[in-house]
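S.K.: Quick note, the sequences are listed as chains A, B, C and D, same order.
Numbering-wise (the UniProt record's numbering), the first sequence opens with residue 1 and increments by one.
Numbering-wise (the UniProt record's numbering), the second sequence opens with residue 1 and increments by one.
Numbering-wise (the UniProt record's numbering), the third sequence opens with residue 1 and increments by one.
Numbering-wise (the UniProt record's numbering), the fourth sequence opens with residue 1 and increments by one.
FYI, nobody ran anything at the bench for these hints, they're computed from the structure.
Any given hint might turn out to be false.
Here are the simulated distance ranges between beta carbons [what the hints assert, rightly or not]:
| hint | chain 1 | residue 1 | chain 2 | residue 2 | range |
| --- | --- | --- | --- | --- | --- |
| 1 | C | E34 | D | K300 | 37 to 45 Å |
| 2 | C | G109 | A | E273 | 37 to 45 Å |
| 3 | B | A37 | C | A187 | 45 to 53 Å |
| 4 | A | E48 | B | K300 | 34 to 42 Å |
| 5 | D | E335 | C | R21 | 22 to 30 Å |
| 6 | C | C184 | A | M321 | 46 to 54 Å |
| 7 | C | K219 | B | A122 | 23 to 31 Å |
Values in this document were obtained by computation on a predicted structure and should not be read as measured data.
Note that the Cβ used here is the ideal one computed from N, Cα and C, for glycine as well.
Each chain is listed here by its residues.
4 protein chains.
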Amino acid sequence: MNFASDNAGPAHPNVIEALSRANEAHVAGYGADELTARVRHRIRHLFEAPEAAVELVATGTAANSLALATLCQPFQTVFCSTTGHIHEDECNAPEFYTGGAKLTLVPGGDKMDAGALRDTIAAEESRGVHGPMRGPVSITQITERGNLYALDEIRALTDVAREYGLPVHLDGARFSNAVVALGCSPAEMTWKAGVDVAVFGGTKNGLMGVEAVIFFDPKAHREFEYRRKRGGHLFSKFRYLAAQMDAYLDADLWHRLAGEANARCAELARGLEGVATLRNRPQGNMIFADMPARAHKALKAAGAEYYLWEGDLEAAGDEDMLTARLVCDWSVSTEDVARFCEIARSA
Amino acid sequence: MNFASDNAGPAHPNVIEALSRANEAHVAGYGADELTARVRHRIRHLFEAPEAAVELVATGTAANSLALATLCQPFQTVFCSTTGHIHEDECNAPEFYTGGAKLTLVPGGDKMDAGALRDTIAAEESRGVHGPMRGPVSITQITERGNLYALDEIRALTDVAREYGLPVHLDGARFSNAVVALGCSPAEMTWKAGVDVAVFGGTKNGLMGVEAVIFFDPKAHREFEYRRKRGGHLFSKFRYLAAQMDAYLDADLWHRLAGEANARCAELARGLEGVATLRNRPQGNMIFADMPARAHKALKAAGAEYYLWEGDLEAAGDEDMLTARLVCDWSVSTEDVARFCEIARSA
Amino acid sequence: MNFASDNAGPAHPNVIEALSRANEAHVAGYGADELTARVRHRIRHLFEAPEAAVELVATGTAANSLALATLCQPFQTVFCSTTGHIHEDECNAPEFYTGGAKLTLVPGGDKMDAGALRDTIAAEESRGVHGPMRGPVSITQITERGNLYALDEIRALTDVAREYGLPVHLDGARFSNAVVALGCSPAEMTWKAGVDVAVFGGTKNGLMGVEAVIFFDPKAHREFEYRRKRGGHLFSKFRYLAAQMDAYLDADLWHRLAGEANARCAELARGLEGVATLRNRPQGNMIFADMPARAHKALKAAGAEYYLWEGDLEAAGDEDMLTARLVCDWSVSTEDVARFCEIARSA
Amino acid sequence: MNFASDNAGPAHPNVIEALSRANEAHVAGYGADELTARVRHRIRHLFEAPEAAVELVATGTAANSLALATLCQPFQTVFCSTTGHIHEDECNAPEFYTGGAKLTLVPGGDKMDAGALRDTIAAEESRGVHGPMRGPVSITQITERGNLYALDEIRALTDVAREYGLPVHLDGARFSNAVVALGCSPAEMTWKAGVDVAVFGGTKNGLMGVEAVIFFDPKAHREFEYRRKRGGHLFSKFRYLAAQMDAYLDADLWHRLAGEANARCAELARGLEGVATLRNRPQGNMIFADMPARAHKALKAAGAEYYLWEGDLEAAGDEDMLTARLVCDWSVSTEDVARFCEIARSA
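The following block holds chain A by itself, in its conformation from the complex (with noise of 0.2 Å):
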C-alpha cells in the first residue's frame, strides 16, 4: 500500500525489456543514434507537429528549467501558480538555468485564474526597469495539488500571455494523467490551445527517468542544445532514453499508464468516502484528504505509505483531523486501494 508519490513506483515491464532490446551493438551517442530520431518523430507525429523540435532529457527540474532558460531572459520573470513545481519543488533551477530570471507568484489558489494572471502580468512593468521585464507564463497540468485546468482555462491563460506578447510553457510532469482526465489528444492541450513549449513527462508515469520537451516553434531548438549539453544533461549513450521512450509510445503505453493511475485514484476517492473530506475531487492521480489520527495510525501501522502533508501525528488525539497526499502511480493495485480504505474505514 504505497500512494507516497508516483515516482516511488516500479517502471514498466515494457521499458525495461526496450532497454535490453536497446542494448545490441555499438551505436552513436548524444542522439544522433536511429532509434532517437524514430523516437522524436513518433512524438511529433503524437502530437499533431510535423514541424516542432523534440528532445529528451532525464528529469523533470531539467526539462521545465532548460526550457524555460530558452525561452525566458535573465532580466525577466516567469509568470506561475504559487504552487508551481518550478516555484516550490525545483531548489531554484529555474533561476539557475536562466541566469537569474526571477518568479513571479500569481496570487490566488493553486490553479491559475486567466484574470488574475492578466493583473498580475499588467502590474509587472509598470517601473520600466526598476522591475524584470515580462517573460514566460508557467503553466503546471495536472498542478501539484492535483487539479486539473480544463482545455478553455488553458486556453483562457494562453490568451492573456499573448495579449502581452508572452511564450507559454506547460510543465506536464503529469501529462499523460491531465490527456485521460479531459479526454482529449496531446495536442488539443498543447498548441491547439496555444502553448509554445510542453514537457511531456514519463518519469511519473511509468518510465526510469524520461522527459521530452517539445518546441512547436522549433526556433529556440540550437539554443536548447547547447543549454542541454552545458547542464550536463546531454547523455552520452543516449540511445537508453529513447528506449523508454519508444515503449511509452509503443501501444499507448503512456495513455493507458495514466488510465490505471486515474483510475485507482477515482476508487481511492470513493472508497473513502465516509471517513475522509477530500480537499480536491480526483481529477488525475492525487488527491488531499483530511481523515481522523486514529485512521492515519492504523493505516500507518498497516505499513501503508504516503506522505502526511499537514498535521503532527505524534501529536494528535485520535478523532484530529490530519492531511494525507495520496498519489496513484500506475502500478497501485486495485486490491491495495480496497484495502487501504477498508482499514481506514475501519478505525
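Knowing the structure of chain A, use the given hints to seat chains B, C and D on it.
M.R.: Here is chains B, C and D on its own, set in the frame of chain A:
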C-alpha cells in the same frame, strides 16, 4: 568494428539485469532507498574512506561541474590542462555551475606538469582583485589524449596545490582504466595521492549512465546535494542509478571491464605496428594513430567506425598521413581488433 | 516644488567642494589612497565598530546585491518583505549577484512582522533539498512605503534570524532618515540590534552617489572585494567616492541633511491635514497621501512634481481620490512645502 | 613624477566645474534628464551615427561586461587577445555578466592577428555542442601593452568576424589616445571599420568615472538597459555621469587630453633613449621600458611612481635590467617627464 568512443558500446548485461531486479515494488525516491545506501557504503569501502560522502549522478559533465562548483567560488579560477574535458568538451558547464568562474589553462602538453602548474598558480593573483582568486586544480585521469598520470605525477600536482592551499578535483571518466593501467588501488590514486574530490566514472566503462562523486572530506556534501537538485540532477527514481553502480561493484565488474578495454587497446597498438605511427603508447583504452589515407579508406569501406582526428580523407592522397582516434570500450572483441589491423595492414 | 524622489535633488554643495579638494595631484587608485583609508576609519568610529570592514560603492543596488551575495549561496533564499527594494526595484539584481538565489516574500504588510518571519522561515526547508536552503534575512529601513522599524522591532527580527542561524542584512538607503527619526545611534540600529551587514546610504541623502557597506564581522570582506571587482563596481579613481563620504561625515552632514528632509516631510503632513488622508504617518521623509483629483490637477498645473502612486488623473472625476507619493529630499525648502500645501488646500 | 596609471591623475578641472553647474535644482533621475539626452545626442553626432544607442556607465569593467552580455549567450565564447583587459583584469566580470560564457584566447601577441583569429574561430565549434558556440570578437584599442591597431588591422579582424557572422566589441578604455595616434575620426575607428559596439572611455582620460557604450545597431539597447539596472549600474542621479561626459565633449576636451598624454609619452620615450630599451615604440600613452636597477633605484628614491612590471628590485644587482610600465595621463607635465628622464640618465 567500432572504435568511435567508449560511449558507443552497449552496457554490460549485468547492468540491465540489475535494473530489472531493482524494478520491484515501491521504494523511497531521491536516493532515500536501501539500495542507494548500500552502494554508498560499498564505494566508501572500495575507496578505503569510511568518512567520505558519496553521491551519484548520471553524466560525467554533471559530476565534474557539480564537484567543481562546491570547490570553486565564482570569483576564482580552476587550473587545468589545455586539453581538459572540462575545458574542451563541456560547453561551458563548469563556468555555468560555478556561477562564472574562469578556467586557467596550464601551458604545456596534455598532461599537466607540476612545474608548469606551480608557475601558473604563482602568476595568478599577482594582480590582486583584478584577476580571479586562485581556485581548485583539476586533473583528468586518463587524459583526453589517452595519457596516464603515474601516482607520483599526481602527487606532484597535488603537492603544488597544497602549497597554495588549493583543493584538487580528479575527473575520472576513465578512472577504472587508469587503476588497471597503474595496478594501484582506488585509494592510492585518489586521497592517498592528495585528491580531495574524485569522480569514479561508470558511463564510459559499461554502465548506461552513472558516475559517483566522492568527497573524501564530507563537509561539502550538503552543498553538493542542493547544487545537484538545482542542476536538475537529482533523480526521483534514484534506484536505477544505484542499481547500475551496484552491478558495477559486484565482483569488481568495473575493474574487469576496464581490463578488457585496456587489453584490446594494447592488442590494437601491437596490431598496427608497421602500418601506423602512434602518437602515444597505449596507456589505457585510447590511442591516436597516424595512418596513410589508403588504410583509412579501406577501413571505412569495410565499415570500421572511428573518429578521424586530423586530416581530410576526401582531399587526401593515398599516402598522406591522417590521424585516427581509436577507443576500445569493454565490448570490443579481439576478433574485431584483429580484423581492423588486418584491413589496415592489407591496404 | 519637487517631491518626486530623494534622488531628484542636488548634492549638497559640500560634496562638490570635497570633490574639488580631492582633485589634486596623483594618488593610488582602487581605494588604496589615504582619503579612502581615512573614510573607512571614520565610519568604523561612527558605528563604534573598530573591527568592521567598510567598503564603498556608487549605487544602492550594488551595495545590497553585493552584500547579499556574500551572505547567500545560490541554492538559498533571502527572506524579505513583499515591498522590499531588493524585490521590487532592482530588476533581479539580487538574483544576479547571488548566482540565482530566490527571494522568499514574508506575507503581511510593508514591514516584516517577527511572527510572520518565523513562520515563513520555518516553512522553508520543510521539503529538504526540493526547496532552497534558508538564507539571510533582509530588512529595509526605512521601508519603500515610508515606514520605520523601531529598534525593538529590528531586534525581534534579528532574534528570529539568530534562532535559525541566519545572517541579517540591513538595506539602509534611508539609513540616516531612520537614525534621525529613532533618535538612536548608528550602532544601536545595526550591530547592537543584531544586524550583520548594513548599508549606510548616501545617495538619497545629499551625495552624488555613494553607499558604504559595513561588515561587522569582517571575515566576508575579502570575498566582497572580489565580488565588487567582478561586478564592475570597483572604481579606479576611488578618491571621488571617498571624498563624497568624507564630506558626508564632516560635522555630521549625514545627520543634518536627514533631519532637514524629515522635518520638511513632517511639515508637509501637517500642511495637508484636512485636504489629504495619509496612508502612513510621517516617519521619515516619505508619505503617501490620498487627495482629490482637483487637488492633483491644481498641483500639477502649478508645476509640482511627484509620483502619482495610484489612480489615473486623466480619467478621474474631480472628487475621486488618487494617491500621491511625496518624498522630501534635504534640499526641499519650507517655502516649497508651504506653497504645495496651499495649492492643495485651495483647490 | 607619477607614471603609475592613467587612473592616478586628477580629473580635468572642467569636469568638476561641470558637476558644479549640474548641481542645481531638481531633475529627473535615472537618465531621464535633459542633460543626459543632450549628451547622447552629442555622442551620436561625434560618431556620425544618428541611429546609434548611447548609454553611460561609471566603470570600464561595467561598460565592457554589459556590452558583451548583450552580444554573447552563456553557451558561447568570446574571442580576445591573451592580454585583453577583459581576460586579465576584470576578475571574471565578462563570465559573470554573460552568465558563464567562456573567453577563448587567440594565440600570438598582444595584438590579435587576423589569421590567428580566423584559425581560432574555425577551430571552435568543430565539436558541435561539446564546445561553446562561437560568440563575439573583442578588440582592445589601445592594448594593455600599449600597442595600437591600425585601421586596416581593425578592419581585417572585423572582416573575419563578419565571415562567421559574429559581432565585434571594441574595448576603448584608451579610445581617445588611439584616435589621436591614428589621426582618424571616432567613426573611422568604429562602425566604418566594422565595429558593432564600442566603449568610448573617459575615466582614463580626465573624467572622474564615465564610459559611454555605443550600439551602432540600436536593437540591443533595451536589453542593455535592463542588464545595466540589474548589474547595479544605473545611477539614480544620472546627471553627474552626463555632466562629466558633457565636459569631455566640449571643445573636444577628450581629444586634447589624449593628445597631451600621448605627447608626454613620446617625450618620455625620446628622453629615455640610451638609458632604456623600449619593448614597444610609443603609440599611445604607455610604454614598457627595460632599465638597469640603478636607474630604478634612483627614480624610486626621487619619489617617482610607476609599476615595476617585471623584476625584483630588492634582489637585483645594479646592472640588472628590470621593466617599468610607464603611463602618462593627461596631467603629467613636460617638466615631470624631463625630470624623470634626467634622473634615469644620471643614475
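S.K.: To test your reading of the hints: which numbers does this structure violate?
M.R.: Result: hint 1 breaks, nothing else.
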